[in-house]
Structures are given as structure tokens and as C-alpha cells.
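S.K.: Sequence:
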Amino acid sequence: MPHCFRRALLLFPLTLVASLSVRAAEPEAPLTELRLTALTPAAAALLTPPAAIAAADLPKKPAPSPLFGDVLVRSAQAHLLGATLSGPRELTVLAYHAITDTWAPFGKVTLPGELIALRPAPAGFIAETRAATAGVPNEVSRVELTANQRHLRALDWVIIIGYLVFSASIGLYFYLKEKKQSNDDFFLGGRSIPWWAAGLSLYATGTSAISFIGIPAKSFATNWQILARDAVGLFSTALVAIYIVPMIRRLNVTSVYQYLEMRFHPSIRVLASALNILIQLGGRMSTVLFLPSLALSAVTGLNVILSIVLMGVVTIAYTLLGGMKAVIWTDVLQVFVMLGGAFFAIGYVIEGIDGGLPEFVRVANENAKMHTFDWSFDLLRPTVWAFVMFAIIDLITYPKDQVMMQRALSTKNPKEAGWSMWTLAAVVVPGSITFFAIGTALFVFYQQHPERMNPLLSVDATFPHFIASELPVGVTGLIIAGIFAASMSTLSSCMNSVATLVSVDFYERFNRSATPAKSVRLAEWMTVISGVIGVGTALLLALFDIKSAFDAWFALQAVLGGGFAGCYGLGMFTKRANWQGSVIGVICSLIITLVLWQGSMVTPVLYPTFSILACLVCGYLASYAFPAPTQSLLGLTVFTQRKDPA
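If you read the sequence shown in our numbering, its first letter stands for residue 395, the second for the next number, and so on.
Take the hints with a grain of salt, since some may be wrong.
As the list claims (entries may be wrong) - When the alpha-carbon atoms are kept at most 27 Å apart in a straight line, the in silico DSS-like pairs for lysine-lysine are as follows:
id	residue 1	residue 2
1	Lys969	Lys809
2	Lys806	Lys1037
3	Lys612	Lys454
4	Lys912	Lys571
5	Lys612	Lys455
6	Lys502	Lys455
Hints listed in this document are in silico derivations from the structure and should not be mistaken for laboratory results.
Using the sequences provided together with the hints, build the complete structure.
M.R.: Have a look at this one:
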């Protein structure tokens, strides 16, 4: 382990302990503020009324005092606003939270006269009051709930910047110490990465900031049923560790798409690699930068563009300088930062619950918030059987993702490649339980303290809101660094993957005069180019409203991606499949999934499953129309594995 990394592990708990002792010196501003603004009747008419509230969404619990006119206004995803007269001219706004089934006051205003009518308006109401003088028109006012953003303190910034600088220094360390003499050094860390580090890097890469924020939001709003995916996935991960990953590692490939050429045909390798590059550049990198930056901006005031640029520039720097070794060792650091922040957060939330851990468990059980396994056969719900199907599909197509497989390929031998998967299996469920528990603890906390929520924020902003408004100064910075870490680990993995695929599957494959030095130089340029594209696309998302186009691209990549993934299943689990059948399988997969997409026949989550199944079935049957493969299949299927280590 590098000396600089060992020092980071020692400094991490010291930084955490030091930050706990620092709190804000001045009192915090309220989370929200109620404003009263005079309006002309014409201006009031221009305000777009909020959407009507369905009967199923009406409050289950009555308000603590009668609502004026029974008027309710939807606010964000889970809140409804109502108003009650607490004095002759004093209007108090109440907020009902549908998830916790609680009411709380969020401010009061003094009206200019006697209230005679109240109408819904965005984030509040339009109040019509009787004029004090006879013959004078009634007055119209807007009662609006506005948010007061919390801003990061100096210590928070010190921790965030310190973390970013340290991440960049890991890349500089390997740049100064290691000589990248071959593409194996840059792409695979010289195939010398310890199995446990590769396994932690697998976890860091698969756990983006979207998971860091989204999983607590999901368990806050519902329960732990999605956790069953990880629990069921342990069985497929075990089989991958025993059979799939060691088999691919024995081939000594750099790109997982080299397998498709060995087993089938060069065209399948090239097309699959090109599609993977497009998916990384077209959406994956920009998403892991933009969405967490947007969530943090909503609650901390941290500029979205600044967040994107900071994460992007630092990640480009250490990925470019240090290659795969820097990526993996930075991932290991990021796992400790991520999970360290998450462990502290769950403890801090439970400590803030009246009654502590016993009350947390009681309320969670009373509301079925920790319900995990659904054994029903309802395909519209996240049942165990749906996750079993996903696990089987993932097992037979596992090598499809270069980003993940590149970590296993960087280990010393096939045995250690398998052990990297066991490490992933050992970390993923405890890590997921931690994030799910955070959401459940937030449910209990905000059920007791509904006045500390922000009715203007979406459910996805629940955890970032708690980070910004409840945690001590310094710890806020530490957990934001953890969110940055989750984004940067995925981003660096994508950049290194794109650089590897361009160099290995295209430059080295088609250029007979290619040399390792030229290949690495191209990879360095591609690291920068792919990083700039990812940052640039994220900035476009931040600056322009192109969400609808972005959603369409994600649906399209789900439609396109399954066919080539199915080729791995045909190659590894059958000896009869040939390249002609695989091509037909990909074409059938594309046609069938396009029909499902255009007809909206299934939920988009199932597009990859149907796409892969179509490729497997059609490709295998079509293979019988052509001669059986003539090349040796030694080491290319689970039935013909080589026993000798690579």
C-alpha cells in the first residue's frame, strides 16, 4: 500500500474527531420564510395555479386546527400546504408531509385586513382581504413560502478542498514514482493490484453519488425492498467469482470486448466496444456529475457549475497522471470517505431521535420501513423473483461492463481476480444496509420533528437537506466530500475505461504500426478528451433545460445495450453458438426491444432483461442454421476452462 495512502487512513479519524468539536458560532437562519406581497388583480391572475390534488393524496391525519376554506396546495413531491387563522388578521401556514403523516407550522403573516377568500398559488396562496374603507376594492396579497439556503462554513470548505487536493496528489505520486512503459501499466496497473484493493474499487465504482443520495431517499419514502436485489445478487456474485471472472482473467485481455473477437468475430467486438464508449460519453459521466451537484446546490447553495468543474478537473488530473493505479488507490480512499461519512450520519441521526435506537427500531417496525423481501409474483413490484431474474441475467452477461471488469483484470492472477469479487460481495450488502438505514432513521427523525423539514424540496433532497441543516460544521464538509468521492470514483473509472477501449479495441486493433508508447499517449489524450466531454455535457444539463432529450437518450441506450451483453451469455454458456447466430441475436434483440419501447409495453427497467433474453434465445436458435464453430474453444466457455494460471 502506498505510504501516502496509509497516512490518509490515519488522518481520516483525526479529521473526523476534530470536526465534531466545531459548531456554528452564530445562530442559524430559519429553513423557510413566509412572505406577504401585495398584488394587483391582474398580477394575481397571471400566477399559474398548482395542479389539483387527487383524493388519494389528501391528508390522512386532520390538521391541528381548521384550515381556512379547506384549501390545500401541493408543494414539491410530498408536502401539502394549508392555512389557518390564528388571530383576526394572522394567517399561519401549515404543511402536511404525506410520508411521515405529520403536520407542522411554517410561519405566520399579518394580513392587511379581514380574510374573505383564499386561493391556491405556487408555494402558497393568494389571499383576498376586505378593505378597511367602504367602497374601496378588496386587497389581494400573495402568501409565499420561500427557502433560506444554508451555506458552507470555512471548515467545510477546508475539508472538501483538502480531500480534492489529496486525491490529485495520489495521481501525482504514481506519476512521479511509476514509469508507464507499457499499456498494461496505464490500463491495468501492471496487473499488480492487490485483490482487496481491486474489490474495494469495484464497490466504489458501482456506488455513485446517485446511490449515496438516492438510496436514503428511497428508504425514507418506502422501505428496504430494493435491498433484496443486493442480497439475491450475492449468489450470482459468488458464481461470477468462481467461474466467470477467473476465466476472463486467464485470457490476459485488456478489453473485455477482446473476448467477443476470440469467441465470435472482430465486428462484434468493435461494435460492442463502440456502443460502450458512446454510453459512457453520452450519459453516464455527465449524470454522476450533474445530479449530485444539483442536489447539493438545492440545500447548501453550492454552485452547480463550480461543483461539476471541481470534481471534473481533479478527476481528470489524477486519472491522467497516475493511470489505473491512481484510479484504484483513489477509489480505496473514497470508499473509506464514503462509508465513514455514512456511518457517522446514521449514528448522528439516531442520536437525534427522542428515545434513541429503541425508538428507531420500534417506529421502523411499526411502519414496516425495514420490510425487505416481497415473495409475491407481481411483476410491477420489486419482488424477490424479479431480482432473481435480474441476478441470473447479470450472471450470464457479467463481463459486459468494461468499467467493472477492468478492476478484476488488474489483479495478479485468476485466483486474485476471483477474490476481488468476494471482496465486493463482502462490502456491498453492509454498505447498502447503511444507506437504507440512513433513510429509515431520517423517517423517524422527521416524524418527530416535521418542522425541521423543508416543504419546498423534493424527496431526493432529504439526505442532503439533513447534511446541510443538522450536522455539525466540519462533518457537513466531510460528508459532502463523501458525495464528491462517490461521483469521482465512477467518473475516473469511466474515463480510464474509454481511454482503454479506444486504444486497445481501435488503435491497436487496426494500426499495425502501433506501439505501447503510442497507445499510452493516445490513452492519455483520450482521458482528457473523455473527461472534458463528461464535464461539458454535465454543464449543458446545468445551463439548459435538455432533460427530455437526456431521458430519451437513456431509454435508447437501454434499448441498444442488451443485445451485445447477450453475446457474452451465448459465448460463455454454449459451445454451439457461432458468430452468425450472435449477429442475428443482436438484430432480433434490437427489433424486439424497439417494439417494446415504442409500444410502452413494459416498464423501462425491464428493457435490458428482454433485450438480453431476445439475444440469447434468437442467437442460440439461429446458430443451428450455420456450421458449428471451428476454432478451439479452450478457455472460452465455462465448460472448457483452462486450469493453468495465466
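S.K.: Now, for every hint given, state plainly whether the structure supports it.
M.R.: Each hint tested on the structure:
1. Lys969 <-> Lys809: holds, 24 Å
2. Lys806 <-> Lys1037: holds, 16 Å
3. Lys612 <-> Lys454: Status holds; Cα separation ~21 Å.
4. Lys912 <-> Lys571: holds, 21 Å
5. Lys612 <-> Lys455: The hint holds at about 23 Å.
6. Lys502 <-> Lys455: holds, 22 Å
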